[in-house]
Amino acid sequence: MQELQVVYPSSGDQDTIPSAMFHEILPVGMLACNCSVVGDDQTKEAIVIDPGDEVERVQEILAKNSLRVKYIIATHAHIDHVGGLKKLHDVTGAPVLMHEADLPLYQNLASQAAWLGVEPPGLVEVDQFLREGDRLQWGSLSLEILHTPGHSPGSLSLHVPGDNARIFAGDTLFQGSVGRWDLWGGSEEQLLRSIREKLLRFADETPVFPGHGPSTTIGQERETNPFLRGR
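Just so we're aligned, residue 1 is where the sequence shown starts under the working numbering, counting upward by one.
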């Protein structure tokens, strides 16, 4: 595995996010995974989160906005979130990042594809494993890595601090629901603990962008999500 200097430990609350943030969501693939492109309008550096499929559409967004991909991040390694990793890496050269605990899932994409009845996508080497508390920087933007297992062993949520604060929750938390835990490596206990300890600590107004479906806020889910009442 290539050793990259792409993460560093979280160092507190000194970060300020300027207003010049680009964020576009593309539901991609047969399971409509929310792929996010997040860019710094000044430096034109960007990250792509969960390119599960339809990489050509992602490329169109990048080209239209003159964005250069610095990192490709998988919140977890289910096929609908990682099916386009290799294609996007091949066309951008950007490193691929995920949590090490989901590497077995990623290495078994062929089995996942067979379960869905689709052709398996190609695999690419994972350039860097992300850990709790790591931080990524692109342009003037940054995000903090939260390890939120339960949907899968290596599920991640990504917290952007500052003026444009938001959480990319992968398949951990949805509007009015939570991620399923009946797939390989899933755990209901872990999932609900991850949400309670890692996500519900943020302010109620914090936007949440799930891996599927519409966005929500921490406060809305704290108040109305049937899985989280009383938590």
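Quick caveat, the hints were computed from the structure, so don't treat them as lab data. Take the hints with a grain of salt, since some may be wrong.
[What the hints assert, rightly or not] So the derived label-pair ranges between C-beta atoms look like this:
#1 A32 to P226: 37 to 45 Å
#2 D182 to M30: 28 to 36 Å
#3 N65 to R229: 21 to 29 Å
#4 G93 to F227: 34 to 42 Å
#5 Q175 to N108: 23 to 31 Å
#6 L123 to M30: 29 to 37 Å
#7 G219 to M30: 31 to 39 Å
#8 D204 to G117: 37 to 45 Å
#9 K44 to R229: 42 to 50 Å
#10 D182 to A114: 12 to 20 Å
#11 K64 to R196: 37 to 45 Å
#12 E189 to K44: 17 to 25 Å
#13 A20 to R229: 35 to 43 Å
[Unchecked claim] Straight-line distance between alpha carbons at most 27 Å, and here's what the computed DSSO-like set of lysine-lysine pairs gives:
#14 K64 to K86
#15 K87 to K44
#16 K87 to K64
#17 K86 to K44
#18 K64 to K44
Bear in mind that the values here come from a model prediction, so they are computed numbers and not experimental data. All C-beta atoms, glycine included, are put in the ideal place defined by N, C-alpha and C.
Consistency of the hints with the structure:
{"no.": "1", "hint": "A32 to P226: 37 to 45 Å", "result": "violated, 22 Å"}
{"no.": "2", "hint": "D182 to M30: 28 to 36 Å", "result": "violated, 20 Å"}
{"no.": "3", "hint": "N65 to R229: 21 to 29 Å", "result": "violated, 40 Å"}
{"no.": "4", "hint": "G93 to F227: 34 to 42 Å", "result": "holds, 40 Å"}
{"no.": "5", "hint": "Q175 to N108: 23 to 31 Å", "result": "holds, 30 Å"}
{"no.": "6", "hint": "L123 to M30: 29 to 37 Å", "result": "violated, 19 Å"}
{"no.": "7", "hint": "G219 to M30: 31 to 39 Å", "result": "holds, 32 Å"}
{"no.": "8", "hint": "D204 to G117: 37 to 45 Å", "result": "holds, 41 Å"}
{"no.": "9", "hint": "K44 to R229: 42 to 50 Å", "result": "holds, 43 Å"}
{"no.": "10", "hint": "D182 to A114: 12 to 20 Å", "result": "holds, 18 Å"}
{"no.": "11", "hint": "K64 to R196: 37 to 45 Å", "result": "holds, 40 Å"}
{"no.": "12", "hint": "E189 to K44: 17 to 25 Å", "result": "violated, 43 Å"}
{"no.": "13", "hint": "A20 to R229: 35 to 43 Å", "result": "holds, 38 Å"}
{"no.": "14", "hint": "K64 to K86", "result": "holds, 21 Å"}
{"no.": "15", "hint": "K87 to K44", "result": "holds, 21 Å"}
{"no.": "16", "hint": "K87 to K64", "result": "holds, 19 Å"}
{"no.": "17", "hint": "K86 to K44", "result": "holds, 22 Å"}
{"no.": "18", "hint": "K64 to K44", "result": "holds, 11 Å"}
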